[in-house]
Amino acid sequence: MFGKYDLSMNLQTEEFEIEVTGRGKRRTYRRKANNEEVEKIIYADEGNIVICPVEPVNMPKLGVAEHLMVELKKSVIFEPDIKNTFYVKFPLEIGVFTVDKKDVERIDIFTTVKAKYALYGPPESGIICRWWRSDVYADEPEVNPLKEGILRVDVENKYYEWVELKKVVFRAFDMKIFYNEHAYMHGILTLLQKTTGETSFNTRKPKNMHGSIDIYAAKGIKKFDKKYFMEWGFQ
Amino acid sequence: MNIVATIKETLDYKIAGIKVIEMIEFAVILFIAVIIARIARMAVRRRFKEKVTPTTLNNMEKVVYYGIILIGFFIALPKGVSLSGLLVAGGIAGIVIGFASQTVVSNLISGLFLMVERPVEIGDSIAVGDVSGVVKDIRVLSTTIRTWDGIYVRIPNEKVFSSNIYNYVAHGARRFEYKIGISYSDDASKAVELIKDILAGHPLVLKYPEPQVFVSELGESSVNIVIRMWAPSSHWYSVKTELLWKIKVLLEENGIEIPFPQHVIWMAGEKKEGRGKGKKKK
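Protein sequences, first through last, are from chains A and B. Take the first sequence: its position 177, counted from the start at 1, is 177 in our numbering, and no numbers get skipped. Offset between the second sequence (1-based) and our numbering: plus 1000.
Just so you know, the hints here were simulated from the structure itself, not pulled from any lab data. Backbone N, C-alpha and C fix where the C-beta goes; we use that ideal spot for every residue, glycine too. Some clues are possibly wrong.
Under the rule of at most 20 Å between Cα atoms (straight-line distance), these lysine to aspartate or glutamate pairs were calculated in the DMTMM-like manner [unchecked claim]:
| id | chain 1 | residue 1 | chain 2 | residue 2 |
| --- | --- | --- | --- | --- |
| 1 | A | 101 | A | 45 |
| 2 | A | 40 | A | 100 |
| 3 | A | 4 | A | 214 |
| 4 | A | 74 | A | 154 |
| 5 | B | 1246 | B | 1177 |
| 6 | A | 114 | B | 1117 |
| 7 | A | 40 | A | 103 |
| 8 | B | 1051 | A | 66 |
| 9 | B | 1051 | A | 103 |
| 10 | A | 166 | B | 1210 |
| 11 | B | 1049 | A | 105 |
| 12 | B | 1062 | B | 1117 |
| 13 | A | 114 | B | 1197 |
| 14 | B | 1207 | A | 214 |
| 15 | A | 61 | B | 1242 |
| 16 | B | 1051 | A | 105 |
| 17 | B | 1049 | A | 103 |
| 18 | A | 74 | B | 1210 |
| 19 | A | 32 | A | 45 |
| 20 | A | 114 | B | 1242 |
| 21 | A | 73 | B | 1210 |
| 22 | B | 1207 | A | 135 |
| 23 | A | 83 | A | 161 |
Covered stretches of chain A (in silico footprint by chain B; criterion: 3 or more residues with CB under 8 Å from a CB of chain B, positions within the stretch not fixed) [as the list claims (entries may be wrong)]:
| id | segment |
| --- | --- |
| 24 | 109-116 |
| 25 | 121-131 |
Taking CB as the label site, the calculated pair distances span [said to hold, decoys possible]:
| id | chain 1 | residue 1 | chain 2 | residue 2 | range |
| --- | --- | --- | --- | --- | --- |
| 26 | B | 1112 | A | 106 | 54 to 62 Å |
| 27 | A | 46 | B | 1249 | 48 to 56 Å |
| 28 | A | 75 | B | 1210 | 14 to 22 Å |
| 29 | B | 1249 | A | 226 | 46 to 54 Å |
| 30 | B | 1177 | A | 202 | 37 to 45 Å |
| 31 | B | 1210 | A | 101 | 46 to 54 Å |
| 32 | B | 1240 | A | 45 | 41 to 49 Å |
Only chain B is shown next, with the shape it has when bound in the complex:
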């Protein structure tokens, strides 16, 4: 009997004008709200995964998740707690905490600006400062990136916001180029035509803007040809890694030499008319 009375007394005990039982109710309702929010977030992910962009999906998940928790919070609020008083107290606490933690506030504001300005989106390939990789999440305080070698990097939003951001896939297409040197004795026009043919045959080298292939320089050891092409931003790297070797093989198959750097040295006393046919010494 005493135990029951003690428990009842404990539950009815008031801390800052709120009963312990109300605090427990608050915690339980909030816990249930979190569980419901997680289930709802998973449902949103399953329903819309293939129908909206990753960034939109992420935002939808956050709205649903935090919306349900917020509703749960207000439902769970003990009757004795005044909402306006809570907001005032929260506001004052916010100012105090804000002054105490300026970096956090700075990150928060930067995060909000990033979400509005949207220079990057989830799934984009980017470089921020000395970090480059794929954006995995844009949170209120930080942005997470998976680097090309698979490492998780969390960058504070303040740093992201104030750094130069290179977004490699913001535009639909991007250009890249090779520079290939061929021997002076080979036909540069033929090489240009062969390279144009191989570019025309590759589906991911864009038809428009048209690729450019031209002799750019008469180098010390070779006639240098520049090859510029556009490819879809999502696939440019695979095109770049694939084509260079194909061009090299094609040129060699057609008897066009890609020479090593070389110097021709003429020894004193060699016949003048022998120039061009003399022995090369590298």
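Chain A extracted, bound-state conformation:
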């Protein structure tokens, strides 16, 4: 499903339908998903269409959130100085791009799952996050690749006390998504204190996977700090 397509293409799945029709320089892009239909005109001589997962913070409104909050259905408790790994699911957002040798342009972003936002932190200084609730898995879970991706979370508790984790927040600027049949991210969470921690991403490409197009990296904004500081707790 994800990957590179010719300028004339048609993709039909259970959840959505994408097609680019037309001849010559003028093409018509159509997408149907969630009872919503989007149609755009593309003027292009050559190039390709790329469909890939994107940072899951763009829907339903662009610009509202730049962080993803994953709330865990069951709390996870870490003993001091432990390193461990668990898996969660994250909401899939699909990006459609036109690419040529020089540039990449976003045509469309959509999702097939219900979106919700939440505030992380107090109202006066907290941040709006795209909210998602997931079970916690010891191994890579089965996912519906049209709706969810897999997020591996490597946790290290550097604090000298036990720390209980109920949610984890990641910044879109740090995200690096990979895909094959499904979307995949590899997050890192370092527990610094009882209520503070840092999240970041392992950007090394796993075997047999492709790197997605990063919307936030494409914005040209470089964050000097590659880690997000979770200062308002894990509960």
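The hints should help you fit chain B onto chain A, whose structure is shown.
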């Protein structure tokens, strides 16, 4: 020949020790500096428009624009003009003008404080005194606001600084509420659950802080339910305008009545046991 000599004589003529030709050179260089500054400002806007916040972009533009003009000014200064003398003269003139125009100085200082304290930024939705709208620019002497109905309002910075400022988008989220009355004969618990469901289904009603829906009051004509919810500050108004009607429609679809204010009047001589089933007269 005479004309050339006259022009040369005019250009060499000195006013306050500075030749006319030097003054013209000064004006031309300054004019060129202004043009370059405008081009540079436009280049900065094009380059950074989507990469920094409006306030940062505005400040960057001002630094570039006035920086180039200042450099042009110093390059253009005639050789005979002493910079220290100019600064002293400027300082004295500044004091004189300052005393003469205290309001301007007050606005200037207030403007500087506003830029440092930054209670508002360009693009923020605010209310200052009786003016509310979107901040379009924060200048040294004044702040400009586009009101909700599209009117340009310039407010002196002194007034902005000394007024209560309501910034509706300074925080990421804000709360708002509705109060809805339902009939005494309807099931309030069912109404509360229905309203909670509709809030849960709306993407822009925040999951956390959780919405609150509860019976707040047993009113004269209705059981009043308060609905409180948080939404992103940038979108709260669209959520507020959208949800109220949806709640009303949902309640009615589920047989829950939103009653008009009413009084039940019992006429003398009507049977006591008939109460509650008698004819209502409004």
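Query raised in the report: Where does the structure disagree with the numbered hints, that is, which hint numbers, in rising order?
Result: The structure conflicts with hints 6, 14, 19 and 26, although it agrees with all the remaining ones.
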